[in-house]
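K.L.:
The listed protein sequences derive, respectively, from chains C and R. Counting in the working numbering, the first sequence runs from 1 upward without gaps. Counting in the working numbering, the second sequence runs from 1 upward without gaps.
It should be emphasised that the hints constitute simulated quantities derived from the structure, not laboratory data. You may find that some hints are simply not true.
Stated by the list, open to error - These stretches of chain R come out as covered by chain C in the derived footprint (C-beta under 8 Å, 3 or more residues):
#1 13-24
#2 40-46
#3 51-58
#4 95-101
Said to hold, decoys possible - Within a straight-line C-alpha distance of at most 25 Å, the following computed SDA-like cross-link-like pairs (lysine to any residue) qualify:
#5 R:K90 with C:N33
#6 C:K87 with R:E85
#7 R:K41 with C:G114
#8 R:K41 with R:E83
#9 R:K11 with C:P125
#10 C:K185 with C:A360
#11 C:K210 with C:R287
#12 C:K87 with R:V38
#13 R:K41 with C:E16
#14 R:K41 with C:K210
#15 C:K76 with R:F35
#16 R:K11 with C:R126
#17 R:K41 with C:V96
#18 C:K273 with R:K11
#19 C:K87 with R:A93
#20 R:K90 with C:D34
#21 R:K11 with C:V96
#22 C:K185 with C:H370
#23 C:K87 with R:D29
#24 C:K10 with R:E85
#25 C:K192 with C:G114
#26 C:K76 with R:D21
#27 C:K87 with C:K210
#28 C:K87 with C:E169
#29 C:K87 with C:G114
#30 R:K11 with C:E333
#31 R:K90 with C:D38
#32 R:K11 with C:R337
#33 C:K76 with C:R57
#34 R:K11 with C:F306
#35 R:K90 with C:R41
Just so you know, even glycine gets a beta-carbon here, dropped at the ideal spot from N, CA and C.
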Amino acid sequence: MTVVLKHDMKPDLDAEDVARQRFVGGLRSFILNDLAADMRRAYDSRVVLDFKRTHGREPSTGAEVHEAMRPDPAFKTYSALRVAAQKMVWDSVVPVVERSRTALNAAAARAGAGRVELDPSLEVPRSVSAIDVHFMPGSYTGASQPGDVSPGAIYDQGLAVFSMGLMGENLDDIGLSMSRYVSRKFPELRPKRILDLGCTIGHNTVPWKKSYPEAEVIGIDVAGGCLEYAAARAAMQGVDVRFRQMNAERLAFPDASFDLVFSSMFLHELSLKTIGRVFAEARRVLRPGGLMLHMELPPNAEMGPFEGFYLDWDCYYNVEPFYKAFRDQDPRELCRRAGFAPQGYFQFVVPSIGGYGVTAVDEAIAAETHTVNRETTGRLAAGIQWFGFGSWQERAQ
Amino acid sequence: MSAADVTPIPKDAPRGYYGPDGQPQFFQDPAMDRFAAVVVKLAQEFWVVAERLDAIERLVAAKNIGTAQEISRLLSDPQVTAEREAALAKFIARTLGSLREP
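Chain C with its partners taken away, still in its complex shape (with noise of 0.2 Å):
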């Protein structure tokens, strides 16, 4: 299904756009449901028993289960259809945004009015400007003209049709999950100041405001027609966040500034030195105290071969080139590296808060283990669920 926004930004459509975006979406549905666990049985019932007749043993990495699938009918039909399908996401939304970009940008430039600092001299690194990202045409910058937050609807639009409803009524689905296991889990924390990284339109920035009602939220972004367009996004449901355009690389907040630096989706669409530079300054402007978090794809080495292998198809098929590059690090790794002490690491599994419901999250705030590897854990079809982790910066001595 797709999602109907929940703001004065959603789009106008006609019947035929409708007929056009529900049929992406159940094409969509019946390839990441049907095809893919068609995909799983052409695994456990032939490739796996050729691939053992040659090698004398299984797959054992994600690489090895992807070589030994390309050649057969299901991995064919699977990835054929989910390239296309990708791209029709794109072509069912594009020329909605484009026929109604003058409307967008009046209503967002009112509502956003105060609520978003741009930097006009602010460079935009080439992992968003040099490729379209997830086949995103203009990726997330578009023409990045001031003012003109298209680039910012047509991801908005776009996700409403991608998700299939498994992001939420309102694409907000992994911050709500994620700020209630925090907020339950942590009730000691209490931030004051909350930065979320690379926050692209604010979907999952505004669950933050919710939870901690007190606190200051600040979205920050590269790319300023996102940033406007959440600024607008966020006014018109009411939710008081602030957004400024800044590269989580080099960030213009002082010292010791936030109590809790978050990011969801961000982190695999950035190289292993631009980790390492984000988590640095992440580290800087957390309070002695504070917590660094992350939601993200599951680590290969936490994963079974094929698992991995179904999760890293993203890398090579849906132009996510950093993909698994971040997915083969071992997440405690990346934070030690960056000087947080590895006895504050910590990560975890929330099931859906949208999917299973409140009560499924706060079993999992209960639970004192999660287990990574189910094929549900990262994996946009029924049944998800976020991974996350986190680490604590050091308490003053």
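Given the coordinates of chain C, work out where chain R should sit on it, guided by the hints.
P.N.:
Just chain R now, with coordinates in the frame of chain C:
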């Protein structure tokens, strides 16, 4: 970081995974990959027509006449939405069922 540093595919990706146009290639003949996209797009266009027809049929049945406003009103009817979602699932199973493993 220079422009050459960021490419749409990872550095270690075997070239054989991509066609001469740089797009992902899964079938031996890259034309097959293009036809796979054509097939689902045709199915999408068919669905668009089917949904329009559905709207007209409903309105004709109800009032014996169908205005654009009346068609548009159907879009926010949760009952119609639920019925269309269910019909689409059946439509996809019927048209794309031959892609499934036996």
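K.L.:
Now tell me, hint by hint, if it's right for this structure.
P.N.:
Results for each hint:
A stretch counts as covered by a chain when three or more of its residues have a beta carbon under 8 Å from one of that chain; for the segment 13-24 of chain R and chain C the count is 4, and the coverage holds. Figure legend: the segment 40-46 of chain R, annotated as covered by chain C; annotation consistent (4 residues with Cβ-Cβ distances under 8 Å, at least 3 required). Check on the segment 51-58 of chain R: 3 of its residues sit with their Cβ under 8 Å from a Cβ of chain C, so the three-residue criterion for coverage holds. Only residues whose C-beta sits within less than 8 Å of a C-beta in chain C count toward coverage, and the segment 95-101 of chain R has 4 of them, enough to reach three; the restraint holds.
Of the supplied pair hints, the one linking K90 (chain R) and N33 (chain C) holds, its CA atoms being roughly 15 Å apart against a limit of 25 Å. For the hint pairing K87 (chain C) with E85 (chain R), the CA-to-CA distance comes to about 21 Å; that is within 25 Å, so the pair holds. Taken as a hint, the K41 (chain R) and G114 (chain C) pair is broken in the structure, with Cα atoms around 43 Å apart against an allowance of 25 Å. Under the criterion of a C-alpha separation no larger than 25 Å, the hint pairing K41 (chain R) with E83 (chain R) is consistent with the structure, at around 22 Å.
For the hint pairing K11 (chain R) with P125 (chain C), the CA-to-CA distance comes to about 18 Å; that is within 25 Å, so the pair holds. With a C-alpha separation of about 14 Å, the suggested pair K185 (chain C) and A360 (chain C) falls inside the 25 Å cut-off, and the hint holds. Between the alpha carbons of K210 (chain C) and R287 (chain C) the distance comes to roughly 22 Å, so the proposed pair stays at or under 25 Å and holds. Between the alpha carbons of K87 (chain C) and V38 (chain R) the distance comes to roughly 12 Å, so the proposed pair stays at or under 25 Å and holds.
Of the pairs offered as hints, the one joining K41 (chain R) and E16 (chain C) holds, with about 14 Å between alpha carbons and a cut-off of 25 Å not exceeded. This hinted pair does not check out: K41 (chain R) and K210 (chain C) have alpha carbons roughly 41 Å apart, beyond 25 Å. Distance check on the hinted pair: K76 (chain C) and F35 (chain R) sit about 13 Å apart at the alpha-carbon level, within 25 Å; holds. Pair hint K11 (chain R) plus R126 (chain C) holds up; C-alpha atoms about 15 Å apart against a cutoff of 25 Å.
Taking the CA atoms of K41 (chain R) and V96 (chain C), the gap is near 18 Å; set against the 25 Å cutoff, the hint holds. Our distance criterion of 25 Å between C-alpha atoms is met by K273 (chain C) and K11 (chain R), whose separation comes to about 15 Å. Taking the CA atoms of K87 (chain C) and A93 (chain R), the gap is about 21 Å. The hint holds against a cut of 25 Å. Between the alpha carbons of K90 (chain R) and D34 (chain C) the distance comes to roughly 13 Å, so the proposed pair stays at or under 25 Å and holds.
Pair hint K11 (chain R) plus V96 (chain C) does not hold up; C-alpha atoms about 35 Å apart against a cutoff of 25 Å. For the suggested pair K185 (chain C) and H370 (chain C), the alpha carbons sit about 14 Å apart, so the restraint of at most 25 Å is met. As the CA atoms of K87 (chain C) and D29 (chain R) are separated by approximately 20 Å, the hinted pair is consistent with the 25 Å bound. The suggested pairing of K10 (chain C) with E85 (chain R) holds, with an alpha-carbon distance near 21 Å, which does not exceed 25 Å.
A hinted pair counts as satisfied when its Cα atoms are at most 25 Å apart, and K192 (chain C) with G114 (chain C) qualifies at roughly 21 Å. Taken as a hint, the K76 (chain C) and D21 (chain R) pair is honoured in the structure, with Cα atoms around 18 Å apart against an allowance of 25 Å. For the proposed pair K87 (chain C) and K210 (chain C), the alpha carbon gap of about 34 Å is over 25 Å, so the pair is violated. At most 25 Å may separate the alpha-carbon atoms for a hinted pair to count; K87 (chain C) and E169 (chain C) meet this at roughly 23 Å.
About 35 Å separates the Cα atoms of K87 (chain C) and G114 (chain C), which puts this hinted pair outside 25 Å; it is violated. For the given pair, K11 (chain R) sits about 23 Å from E333 (chain C) by alpha-carbon distance, which is consistent with the 25 Å threshold. For the hint linking K90 (chain R) to D38 (chain C), the alpha-carbon distance of about 18 Å falls within 25 Å, and the restraint holds. Restraint check for K11 (chain R) and R337 (chain C): satisfied, since their Cα atoms lie roughly 24 Å apart, inside the 25 Å limit.
As the CA atoms of K76 (chain C) and R57 (chain C) are separated by approximately 24 Å, the hinted pair is consistent with the 25 Å bound. The straight-line distance between the Cα atoms of K11 (chain R) and F306 (chain C) is roughly 22 Å, inside the 25 Å bound, and the hint therefore holds. At roughly 22 Å between alpha-carbon atoms, K90 (chain R) and R41 (chain C) fall within 25 Å of each other, so this suggested pair holds.
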